[in-house]
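S.K.: Whole structure, please, built from the sequences with the hints as guidance.
Residues -18 to -1, 1 to 634, numbered by mature numbering (1 follows the signal peptide of the UniProt record, and there is no 0), are exactly what the sequence shown covers, in order.
Note that these hints are calculated values from the structure, not bench results. You may find that some hints are simply not true.
What the hints assert, rightly or not - Distance windows between CB atoms, simulated:
#1 385 - 618: 34 to 40 Å
#2 618 - 396: 16 to 22 Å
#3 444 - 408: 51 to 57 Å
#4 432 - 392: 32 to 38 Å
#5 626 - 432: 53 to 59 Å
#6 446 - 281: 33 to 39 Å
#7 474 - 220: 49 to 55 Å
#8 331 - 401: 47 to 53 Å
#9 65 - 306: 26 to 32 Å
#10 106 - 268: 36 to 42 Å
Said to hold, decoys possible - Capping the alpha-carbon separation at 27 Å, the derived lysine-lysine pairs in DSSO-like fashion look like this:
#11 25 - 204
#12 141 - 197
#13 293 - 240
#14 521 - 575
Remember, it's a predicted structure, so these values are computed and weren't measured experimentally. Virtual Cβ for every residue (Gly too), placed ideally from N, Cα, C.
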Amino acid sequence: MTMVVFLFISLLINEVSLINPNGPTAVEDFTNCITSIVKVSFKNPGLLVFVDTFFIAEAVGRIKGNVLKQIHLNKKFSVRVVRPKNEYPVCVNLNEFNTGVVHQNQVDVIPLADYFVIIVDSYSEFTHAASRLIRLRNWNPHGKFLILLYSFDNIYYLKQIEYIFTCLFRYNVLNVVVLVPHIRNIRATIIYTWEPFEPPKYCGYYNETAENRIKVADFCEKGHLKNNTTLFENVVPIDMMSCVVNILAIEKQPFIGKDDNVQEANIERFLINEVLSTINMKTNYIITNKSRGERFYNEWNGALKKIVSKKFNVLLGGIFPDFDVHEDFQCSNTYLEDSYTWVVPRAHPRPPWVALTIIFHKTVWLSVLIGFTISALSWKFLSTVSGDSTYYTSIDHCLLSTWLCILGLTTHIRPKKESLRIFFVFFNIYCIIFITAYQTKLFDVLTNPSFEYQIANVEELIDSGLKFGGFEELHDLFYNSSDPFDNLIGSQWVIVENMSNAMVDVVVHRNFSVLCSRLELTYLSATMPQLSDSIGHHKYYAFKTNVFTVPIELIAMRGYALVEKFSEILEAFKQSGIVSGIRRHYVTFAERKRASIILKLQSQQNDVRALTIQHLQGGFLALVLGYVGGIIVFIVELIIKCNLVQKVLYQK
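M.R.: The structure is reproduced here in structure tokens:
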């Protein structure tokens, strides 16, 4: 009888220990399991966010306290403990994958978290914890998430695990492991994970779930990790097996054009296609004319609104970095670089005859006049002192001879004295150099016509009274600036929807100026005949100084896994010179295309005739006639001055 009672008590004790999840042994086992995973998988120091919920079971509370104590003793992580507030829980309806951008902490200087530890006893408690996490400014979807679901519901616990994975996937969280107690062995822990990317069947689309896709990654037995290896691996495959990326592209030449066959109008599109081809992905482009979009009261408009709604994975189209965008979205490494400058109407050309006087500055002409006077007076002085002929002792003849030398002509009578001859030789050398410089500069001025006063800086642009503007995203740079002059520009800004129409206003109507990308300006000059004349000059004037130079990047929702992969490939392309090669190819092709436009314009100009061989023959004929006429005059003069002829004339 005693033996029966002893066996009964022993079985009762074992049964109680088997089903008692609140005992110190179970708490210690789960604490040690979590600590082991943190030690193995959280290798690098960083910020760890620990979630503390309000309504928890006794065992969960003790596990939290012990785990938090062990993390502090480790002295490896900066720890931040957060608690849910009155936020509406997330993932109540998992069929709704349009999560939007949810941020409430406008000022938070804490860096992005690297690790997250969540210990809950139900999926409902997890939704409140997740609701708090995603509203933190240090929320990081690329962090590593360690979740303990301390539930013994042997019917629904697998569904709850799938719901946790799916909920976090809605917010682009991929590095997740979920721990649950073993149903039949309280001292054992099962560690679950899943693979969001399993191409070609599962490509990581927003509407996919973790249903029937979770798998066991490891076990903990009595607090010890069975396989002492990291549980977080790279979840993005090297080969995506022709999975499709939905890309929303803003039409903005030369970055994005409607015709995908025209490479020079799609340099960014061509580059991104090359990036995706390296991981075997296909693209589905949707071209839009909307602007990038701005944030008003935590709501985004424009093209970014469609990214927030998760209708597309990526947004691109000549987009430069912006602070508000970087707060709410994830951007790739920068690749192409672009500069922005003001474009104003070209000043009217000056009359052709003005070229004869504008060759040199006024100071040069004044110097020539002073030199002319000094040379004439020196000639007169040296003639008088040396006792030269009476011809050069006259100031009138000295002025006339000096003027003839400056024009490159010969004087009537050569000087006779040695001192005056030396002066005459050096003065003629100086005049030859001067007339050569004048003629050389004259050729340059005649081939490059001058213009009236040109607006050359933004201060003159404001004073001119011209309207000015640009794209909407450029407006914010001036409107939100702390500089009063920038605020003045922002207050008078005119939003431009179409750059081609704006350039027509600049060069044709001459009533507008625009802040334009230099790459886009090069493209427009190569495609719009209105921007060039038949000589090859631009009908607009771009300021020589840039307002700013910015890199280009693509935008996706925070945590989108492929952005980091894109950045790695883009960085490799930059280092290997592929990006700069694409840019050089574009500039060269645009220059050749513009040259063909200029040739067509020249063929349409009937009043402009090219220089032919007949023109050259006519010029040489005039030169020959001049020489013949000069020789005849010279012979007649010799005959008249001949002694025989003089005697005959005097006899008469």
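S.K.: Taking the hints in turn, state whether each one holds.
M.R.: Outcome of the hint check:
1. With their beta carbons about 25 Å apart, residue 385 and residue 618 fall outside the hinted range of 34 to 40 Å.
2. As the Cβ distance of residue 618 to residue 396 is approximately 21 Å, the hint placing it in 16 to 22 Å holds.
3. Remark: the range hint 51 to 57 Å for residue 444 to residue 408 is upheld by a beta-carbon distance near 54 Å.
4. Between residue 432 and residue 392 the C-beta distance comes to about 33 Å, which sits within the given range of 32 to 38 Å.
5. At about 57 Å, the CB distance of residue 626 to residue 432 agrees with the hint of 53 to 59 Å.
6. Evaluation of the 33 to 39 Å hint for residue 446 and residue 281 yields a pass: the beta carbon distance comes to about 38 Å.
7. Hint check: residue 474 to residue 220, Cβ distance near 52 Å, so the stated range 49 to 55 Å holds.
8. The given range of 47 to 53 Å is respected by residue 331 and residue 401, whose C-beta atoms sit roughly 50 Å from each other.
9. Between residue 65 and residue 306 the beta carbons are some 28 Å apart, a value that agrees with the proposed interval 26 to 32 Å.
10. Evaluation of the 36 to 42 Å hint for residue 106 and residue 268 yields a pass: the beta carbon distance comes to about 38 Å.
11. Using a Cα cut-off of 27 Å, the hinted pair residue 25 and residue 204 holds, with the two alpha carbons roughly 23 Å apart.
12. Simply put, residue 141 and residue 197 have alpha-carbon atoms about 13 Å apart, close enough for the 27 Å limit, and the pair holds.
13. Annotation: proposed proximity of residue 293 to residue 240 holds, straight-line Cα distance about 20 Å (limit 27 Å).
14. About 17 Å separates the Cα atoms of residue 521 and residue 575, which keeps this hinted pair within 27 Å; it holds.
The structure does not agree with numbered hint 1 stated previously, though it agrees with all others.
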